[in-house]
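S.K.: As a plain string of letters, each chain reads:
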Amino acid sequence: MKFAVLQFPASNCDQDAVHAVRVLGHSARLVWHKDGALGDADAVIVPGGFSYGDYLRCGAIARFSPVMQAVKQFADNGGLVLGICNGFQVLCEASLLPGALIRNRSLQFRCENIFVKTIAHDSPFTSQIPEGKLLRLPIAHGEGCYFADADTLDQMKANRQILWRYCNAQGELTDDANPNGALENIAGICNARRNVAGLMPHPERACEPLLGSADGRLIFESMIHALAQKQAALAA
Amino acid sequence: MKAKIIITPKKAVLDPQGKTVQSALEHMGYEGVVGVHVGKYVEIDLAPGTDRAAARQALDEACHRFLSNPVIEDYKLEIE
Chain A
1 MKFAVLQFPA
11 SNCDQDAVHA
21 VRVLGHSARL
31 VWHKDGALGD
41 ADAVIVPGGF
51 SYGDYLRCGA
61 IARFSPVMQA
71 VKQFADNGGL
81 VLGICNGFQV
91 LCEASLLPGA
101 LIRNRSLQFR
111 CENIFVKTIA
121 HDSPFTSQIP
131 EGKLLRLPIA
141 HGEGCYFADA
151 DTLDQMKANR
161 QILWRYCNAQ
171 GELTDDANPN
181 GALENIAGIC
191 NARRNVAGLM
201 PHPERACEPL
211 LGSADGRLIF
221 ESMIHALAQK
231 QAALAA
Chain B
237 MKAKIIITPK
247 KAVLDPQGKT
257 VQSALEHMGY
267 EGVVGVHVGK
277 YVEIDLAPGT
287 DRAAARQALD
297 EACHRFLSNP
307 VIEDYKLEIE
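As given, the protein sequences belong to chains A and B, one line each in that order. Note that this note's numbering gives residue 135 to position 135 of the first sequence, counting from 1, and the numbers run on in steps of one. Numbers in this note's numbering are just positions in the second sequence, counted from 1, shifted up by 236.
Please note that the accuracy of each hint is not assured.
To be verified - Facing chain A, a subset of chain B residues (Cβ under 7 Å, in silico):
1. V249
2. V272
3. N305
Stated by the list, open to error - No farther apart than 20 Å at their CA atoms in a straight line, the calculated lysine to any residue pairs in the SDA-like style are these:
4. B:K255 - A:L183
5. B:K246 - A:E208
6. B:K255 - A:E143
Rather than coming from a laboratory, the hints here were simulated on the basis of the structure. Just so you know, even glycine gets a beta-carbon here, dropped at the ideal spot from N, CA and C.
Chain B on its own, in the form it takes in the complex (with noise of 0.2 Å):
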């Protein structure tokens, strides 16, 4: 069981990386680009048989507390 996490900055932020990104892709030729944003990927092994909606909820928790800084980022949780 994992817990798979998206943390993106969010749209009001400056995002330096996700420009950059974006610019080079347009110097290589990729076209039909307009917005970059370069997040991070977290993954999370849990337990066998543990409750996915607790699960759920723990790791939401997480993510609002300290995986994510709720000031620059949103975040997606998924659990699979």
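Pulled out of the complex, with its shape left as it was, chain A reads as follows (with noise of 0.2 Å):
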């Protein structure tokens, strides 16, 4: 599969992503910011950083770009778009995904590895990850407060968009597991459509076992076999 890796100035986990998509024995190749277009792309991912210098609100600028009009684009056609931290950021700004992600409940950067419950596993970006697996993933922010109004989170809930939740280590949704006091332990989630995603922790920076975890690989997989079997649904 071909990925493309979104890039921003200051974007600084685009080369972790790639790593990420090879190491999974995938091409994935980075697409710059004013670029108008993402060639032959199977699936996209927005990657973390600090977009424009996290100027304004975090994504805000980013949003703007050119290649975020290729990226709503190529969305609204159904194809796969994976938002990783300031990525996922980005994703909420321009509306690709609802709610919005402010600063962490105790002001404090947080950059530790926690743990995530998967919520629905009915989704490109959580079919491979087995039931009752815990992912144990690295976070790396300052904005990673999930928050949505009550009407959105109703309509998030009725359409299974939750992904995933911070949990302890025994899978437990505590608020002590909440390391940004995200509304109801929201770590990721996806659209009505269930082809955008967003999630804070970083799977790609999870994917070997030299890194201490290799939990995000079952993300990337997901997203690699839902982009298979839509392949060989096509050459059917």
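Once you've looked at the hints, go ahead and assemble the two chains, each given alone in its own frame, into the complex.
M.R.: Structure, rendered in structure tokens:
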């Protein structure tokens, strides 16, 4: 599969995302934010970092980059888009995902390993995560506190759009296990159509045992599985 | 000619900065503070002779689309 990894000024997890995709045996290529086209990409990753210095609000300026028009069109056509950390913020600012990410409850930048529980396995981002398996992933953010108004949250629950919630090592969704004060421990979500997802933790930094965890692979493997199914259906 | 925009967090949104400043004010002995909300201030210089109504309309749109995030923030726009 061919992944396009976006690159904004001050993206800093772009190379990590490219590396993770290649470790999984697939191809990845960087796409500069001023490019208006994604080429023949099968999926798009909006990586972490501090695009445009996080000026105004995280992701607020990046969303107006020419490449984001192409991403919107790609998503409208059903293409798979994954936003990680700052990429999640960009997708929320671009209204490709509901809600917003605000300053951590503690006001501190949190850089540590956390656990997330997969809430909905019926998505192209979670289908290969075994039931009951907790993912151990790193986080590194100052503005990862997910917020959505009550109506939006109800709608997201009805559509099973909450993909991951922060939990402790036992899988319990406690307040102590919530690193940023996110509404109902939400770590990651998808859109109603289930082809755009975002999460604050960094699966691309957890794809090799050498890095302390390879749990992040399951998210990329889910995407690759979904793409393979789609291609098989098209070929049939 | 200037446009002055004040952006504040919506009431329903957690405002840890506001809470922290409020508690600092209380610790410093300032009494009667029942709420603090920390937001942003944006000042925009407009070319002399700019049509006020047109500027207001354009900046209102800019506030909605870009300068504030309506999911989490409110804004107040003044042109002087």
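S.K.: Each hint needs a verdict: does it hold in this structure or not?
M.R.: Structure-based check of each hint:
| no. | hint | verdict |
| --- | --- | --- |
| 1 | V249 | holds, 6 Å |
| 2 | V272 | violated, 14 Å |
| 3 | N305 | holds, 6 Å |
| 4 | B:K255 - A:L183 | holds, 18 Å |
| 5 | B:K246 - A:E208 | violated, 41 Å |
| 6 | B:K255 - A:E143 | holds, 16 Å |
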